[in-house]
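Taken in order, these protein sequences are the chains called P and G. Under numbering that gives the first Met the number 0, the first residue of the first sequence is numbered 0, with each subsequent residue one higher. Under numbering that gives the first Met the number 0, the first residue of the second sequence is numbered 0, with each subsequent residue one higher.
It cannot be assumed that every hint is accurate.
What the hints assert, rightly or not - Going by beta-carbon spacing under 10 Å, a handful of chain P positions derived as facing chain G:
| # | residue |
| --- | --- |
| 1 | V4 |
| 2 | D39 |
| 3 | T78 |
| 4 | V80 |
Said to hold, decoys possible - Pairwise CB distance ranges, derived in the manner of DEER restraints:
| # | chain 1 | residue 1 | chain 2 | residue 2 | range |
| --- | --- | --- | --- | --- | --- |
| 5 | G | P7 | P | P15 | 46 to 56 Å |
| 6 | P | V117 | G | E89 | 48 to 58 Å |
| 7 | G | S74 | P | L171 | 40 to 50 Å |
| 8 | P | T102 | G | V195 | 38 to 48 Å |
| 9 | P | P15 | G | Q122 | 28 to 38 Å |
| 10 | G | S74 | P | R6 | 22 to 32 Å |
None of these hints come from the bench; they were simulated from the model. For every residue, glycine included, the Cβ atom is placed at its ideal position computed from N, Cα and C.
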Amino acid sequence: MNLAVYRVILRTQLSPARLLVLAGLSGVAILLAFTARAADDTVEVATQTIANFGINIFAAFIALSLGSAALGNLVEDRTLVYLWLRPVSRHSIATAAMAAVLTVVAPILVVVMTVAAVVTGVDDLVAATAVATALAVFAYSGIFLALGLRFKRSLLIGLGYIAIWELLMSRLGDWFARLSIRSYPMSILSDATDVSMRLADRSTLTSYIVPLAVGVAGLLYTSWRLNRTEID
Amino acid sequence: MSAQAGPPPMVQAAGASKWFGDLVAVSDVSFSIGAGVTALLGPNGAGKSTMLRMMCGLARPSNGSVTVLGKDPRSDVSVLGRIGMAPQQESLLDHLSGREFVELAAQLYHLQRPGDAARQAIQTVELDPDDTRRLSTYSKGMRQRIKLAQAIVHDPLVIALDEPLTGLDPRQRREMIELFHRLGSEGKCVIVSSHVLDEVERFGSRVLVMAQGRLAAEGDFREIRNLMDDRPLRISIRTDQPRELAIALLDQGVISGCRLEGADLVVVDSTDPAAFRRAVAPVARDRNVSLRELRPLDDDLESVFRYLVGQ
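Input sequences plus hints: build the corresponding full structure.
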């Protein structure tokens, strides 16, 4: 990883508007956790809340917003040339971009969702939430980093992917669910609390391996794409 | 500037072509460039930027090859450490200050003391290295200069500058041209693109002229300038006696045809513009004809380049 590239991309990630949105969503997550705590079936409601809000919405959309922008914005405003022209490996640029995204997204999401899990009062959910959120963030960040480099309207395409594939198509059957990121971290939550959820029936091992593999695949694709792409 | 004995060329294109779908941006271009300042001249859309991008590895030739210092800049990342480029686009990493921007380049070129190198490069382009303002606040001229600073911060052997004088005032232009010459005289290969003929005249004697994606001419600037001056020219002359003036110019043999357009206008064709320019005023004076306006109808750069392509 190239530290200079990492620092530059990290600075682009930390815009006041983004931090404000993150703070707002974090507040909503904590608020929902209090609501779940007050429910009759706390374990089920808390697990569903963490899965549906934390994984399906919070993690996916925040990773999309920051991941697609990390290299996508540089492509869009034609400044990628100032990194690409230098004698640094394309893989180190991709790794630095991924690290910059994770530096912002992972601590906020993992900490906020873990605090939310603590607030629900369901002890079994706390560690599982931390792990599931971290894995979801890693997978989504890899995908959206690559998407940002590949497509000009990556934010729109990413929104379409989340809404159509992750939230709708994944419900059509087991094979569709297997190709949905969210089913893996949801399975980790389901395993921890024994709450049965639709899509959350992946084995423990695959629940860990697949999100990691997807994140790495996204990173490798980004490196490959950086090598092949023509810079404007 | 064809290949010649002596030191190997620093930049070489061999049948290089580049197309984007059906659009041919560069077509079968071959040349060799050594140390010194070389101007890449051509109208907008001629393929100059694409050519420079291929030289810097930003784009891959669709056919043929472009090598820098004997290496393919597209596949050999190490050669990028010997190339400096100022791209045409104005956009910069606007959240950085000028110093941070140039220092980032120095770090990525793995310089030992990136801060010092950045300071020196910024001073070379006559900006203030202690200016902490963000690049987003920079004027067009300052942006051009900071782009140049990041291109030379690592003391590269090959420097590709895409329209680097755009937005600079006359004094800054003069100083930048002096800098290009200084870099060229230090043994660096400085390639400067421009679509302004008079600007190129001051860059130096070596010119590559591109038009419609092709290499239209190459060589000494004066020869090319003469070739340009020798092309047929159509001129509109506003005068109180258009018929008499046209007959006199035909008699002198300095025009090959004419067309009267209204009571005070004649359009003439000349195959020898230099002779025409010398003759027109004396002829008018001798016949007591008043010249009100002489306007070349096809003297824009586009028509000059079209002519060169035809040649």
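Going through the hints against the structure:
1. V4: Constraint on V4/P satisfied, holds at 7 Å.
2. D39: 50 Å, violated
3. T78: Holds, because the Cβ-Cβ distance from T78/P to chain G comes to roughly 5 Å (cut-off 10 Å).
4. V80: 5 Å, holds
5. P7/G x P15/P: 46 to 56 Å: 53 Å, holds
6. V117/P x E89/G: 48 to 58 Å: Between V117/P and E89/G, where Cβ atoms are some 50 Å apart, the hint holds.
7. S74/G x L171/P: 40 to 50 Å: The hinted range 40 to 50 Å holds for S74/G and L171/P, with Cβ atoms some 44 Å apart.
8. T102/P x V195/G: 38 to 48 Å: 46 Å, holds
9. P15/P x Q122/G: 28 to 38 Å: Given range 28 to 38 Å: holds, Cβ gap about 33 Å.
10. S74/G x R6/P: 22 to 32 Å: 28 Å, holds
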